[in-house]
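There are 2 protein chains.
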Amino acid sequence: MTNIGYDTSKSELAAVCERASVAAEYLRRADRCARAVALRAAAEALDSQRESLVEIARAETRLGEARLDRELARTSYQLRHFASVVENADYLEVLHDQPMDTAMGAQPDLRRYLVALGPVAVFGAGNFPFAFSVPGGDTVAAVAAGCPVVVKLHPDHPRTSIESAAVLIEAFLAAGLPADTLQLVGGLETGRDLVVNSAIKAVTFTGSLSGGRALMEAIAERDDPIPFFGELGSVNPVIVLRAAASTRGQEIGNGLAVSGTVDNGQLCTQPQLVYIPSEVGDEVVDEMLRVFTGIDAQDFLTDAGGARYAAKVADLRIDKRITALTSFPSSSRCAPTLLTTSCSNFPQKIYDEVFGPLQVVVRYDSDDELFTALRALPGSLTATLHADDADSQLALQVLTVLETKVGRLVFNGYPTGVMVAGAQTHGGPWPSSNSQHSSVGATSIRRFLRPITYQSAPSWALPAELGR
Amino acid sequence: MTNIGYDTSKSELAAVCERASVAAEYLRRADRCARAVALRAAAEALDSQRESLVEIARAETRLGEARLDRELARTSYQLRHFASVVENADYLEVLHDQPMDTAMGAQPDLRRYLVALGPVAVFGAGNFPFAFSVPGGDTVAAVAAGCPVVVKLHPDHPRTSIESAAVLIEAFLAAGLPADTLQLVGGLETGRDLVVNSAIKAVTFTGSLSGGRALMEAIAERDDPIPFFGELGSVNPVIVLRAAASTRGQEIGNGLAVSGTVDNGQLCTQPQLVYIPSEVGDEVVDEMLRVFTGIDAQDFLTDAGGARYAAKVADLRIDKRITALTSFPSSSRCAPTLLTTSCSNFPQKIYDEVFGPLQVVVRYDSDDELFTALRALPGSLTATLHADDADSQLALQVLTVLETKVGRLVFNGYPTGVMVAGAQTHGGPWPSSNSQHSSVGATSIRRFLRPITYQSAPSWALPAELGR
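Same order as they appear, the protein sequences are chains A and B.
Under this note's numbering, the very last position in the first sequence is 520; numbers go up by exactly one each time.
Under this note's numbering, the very last position in the second sequence is 520; numbers go up by exactly one each time.
Excised from the complex, chain A in its bound form (with noise of 0.2 Å):
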């Protein structure tokens, strides 16, 4: 098929492109419900194939079958998800404003609604090879609102990306859609590329600061700057109230410590950093250390990730405002990592997200000292806070420091699993996002949308959903 490749040239690039403007022209003008109709079918189709692309994934992956399973239903469940959105008008924003006579002189009859921005590349990540990578949330929302998707093939899973758009690619066809609709390209400079190419009108971004930071740049290249929508890395703090950490201190502990560790805390809403209470949260670190020292460690998805990690952890602890609870890993795999500090002294450096089993509790003497840390936190996609009725004045000042800096706050639970919903915000203020909406679920369908307003219109020119 030449719409899938490992290694694409500059010329192949360039024609994937072009046939990507097409599709685009295409899949504007159809009719919505036939992307609706595809996207279920895409379902059915990787529902029917779960059991080879699971072990595709996990001979490239190091994920273990079971994970890949509940991903690969998560994807086929986002796609039936945006399926419903389409089928529902709502997310085309119709607004209508009469004729009338106002104090600015005449209204002309004014009808507005979204459409599709164009071609969409796609640059998933490594950790969820399904759900943020070829068949993720990034590619639906795009073929939801009407935009074809090159999706930039991931080094650690080719083989799971190029099964998987194959799969999509199929199902897209029989359901009449284009099979430019969705596009793979691989290779080192392939990325860069795309991103300059002139019928690329979005970018999304799943992975680190870095990585995230060279595509801005590569964009700002363009004649015409296009948005880029990226998810570059979260802390995600955790603060345990006093009268929560007194009453549920072990099941706080417990959750924390399976939150952050599970997947071996290759998550990117993973909870890095733990506000504990001095005085009455003991018991929570306790329960803490004792789940962590209960588990193996365990292979990284690869063997770079887990050098950085260790790297990471090593950098903190040999810092003197630091103190491990848990002992050096004895073997070479990287074993989950449970560290304290101080909320009167610590370094900084806590505040970089480290990718994988790490977590960093911090225990404040003070509110004063809290809300001087909280203030300081960096921006990340949740945050979470444990408070019993009895903590609820000071959770509500808290709530307020919190508010700027996450886009999802959690109550008495934890920051992993992140649902594909209606209401979901996966997306918080810098470093975490650089964008203004969701990620995950039906409203991160915006980002590939523009509005247009017909003024005047006669009814024969007025699309479908303006009320023709």
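Take the hints with a grain of salt, since some may be wrong.
You can't tell identical chains apart in this list, so a pair holds if it fits in one copy or across any two.
In the SDA-like style, the derived pairs of lysine to any residue whose C-alpha atoms are separated by at most 25 Å in a straight line are [unchecked claim]:
(1) K401 with L448
(2) K401 with D275
(3) K401 with L144
(4) K364 with V314
(5) K364 with D276
(6) K62 with L341
(7) K62 with A428
(8) K62 with K401
(9) K62 with A82
(10) K401 with R274
(11) K401 with D276
(12) K401 with E273
(13) K401 with S250
(14) K401 with P151
(15) K364 with G465
(16) K372 with E421
(17) K401 with I278
(18) K62 with A251
(19) K364 with Q400
(20) K364 with D208
(21) K401 with I374
(22) K401 with G474
(23) K401 with N249
(24) K364 with D275
(25) K401 with D367
(26) K401 with A251
In case anyone wonders, no lab produced these hints; they're calculated from the structure.
Dock chain B against chain A, hints included.
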């Protein structure tokens, strides 16, 4: 007053931004209806000071009294419009997903709305000293959203800026908002220093492509990139189809020439390019020429602007593919200019915006010629289509191209005159804007908001808008 300055020093600017951050805390947490009351109070205050404000603007802008009077009416209309937008909670985009079981597992209670971004830097336009400057749409939409504003004073109307800022600040204060809700800064390097200040969370700019580029480069140097909403230049094509040209030639020609020369053509929606059929278009062009030759040369907003216009017109006139219909101006003032060229052989530079009363008539011999030319058009704020029912088949094809090029499609009318309304879109593909949002009307508020989701929040933790 400390929050108004002609020439702001670096230390003063730092203090201004710090105060804006403090005001942001207040505005974000205050009842949103307090903002609506303050916006209405500001409208009243502008209306009551209309005579003196118009006189100050007349003295420094070369715009006439009647025009300034209309502009100020638009400005207070806009304030009242956004007061209504804020009172009605629709702009908060509240969504609520109930807990339920799904194929992905248990869905928690998710409640989502939009929150204010924080302090906004506003760079106004020279051609609208009220409606697109200190008390203009960007300021008002940002304050409506709950964001304090720091306006960079426009050097072409400093006194107007200062006086209108004083009126707004007093009205905001009297209505209970902080004085620092609106601050005004000035000076040569101040614009750059403003957009790199970490307190600033978004930037709006209305002006030249080069000015917008310079601000985007400054923003790219920040540790945390912030959204830039630019409105940067537009040629606003008008396409006249054959039946319309045959049956309404004189009417269309008259309207086009008036729209092209009103306010001396110094409007962002001025229709610079006019596509007229070769066969049946003479009546349109004859009438345009009649109107053009009856208009005396007028002063530009600034001598520099007039010189730029004269240079760009001269550059077009010397091109052999272009014929001048109007004669060279006899005085040093810049007269309205009507040029004509052929759709089959025209210079690319007609696609560059010429700010002033220039129209270029592009005659097309065939539909193919027209389509080829339209596909090559740059992005614009508007496109206008004159089409009778007999033209509807060709018109629908033309629309499929125009819909990818602009933010507003005007039918059988003229693009100048941008109504402040809910369904308005002012902003199209690059270079007309770089954003996926309108910069005029109710939905322009979305530029200053981002989503946040409350997951499993107890009722005491919910903001009123999310159902506390």
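Which numbered hints are broken by the structure, listed smallest first?
1, 3, 6, 8, 9, 14, 15, 22
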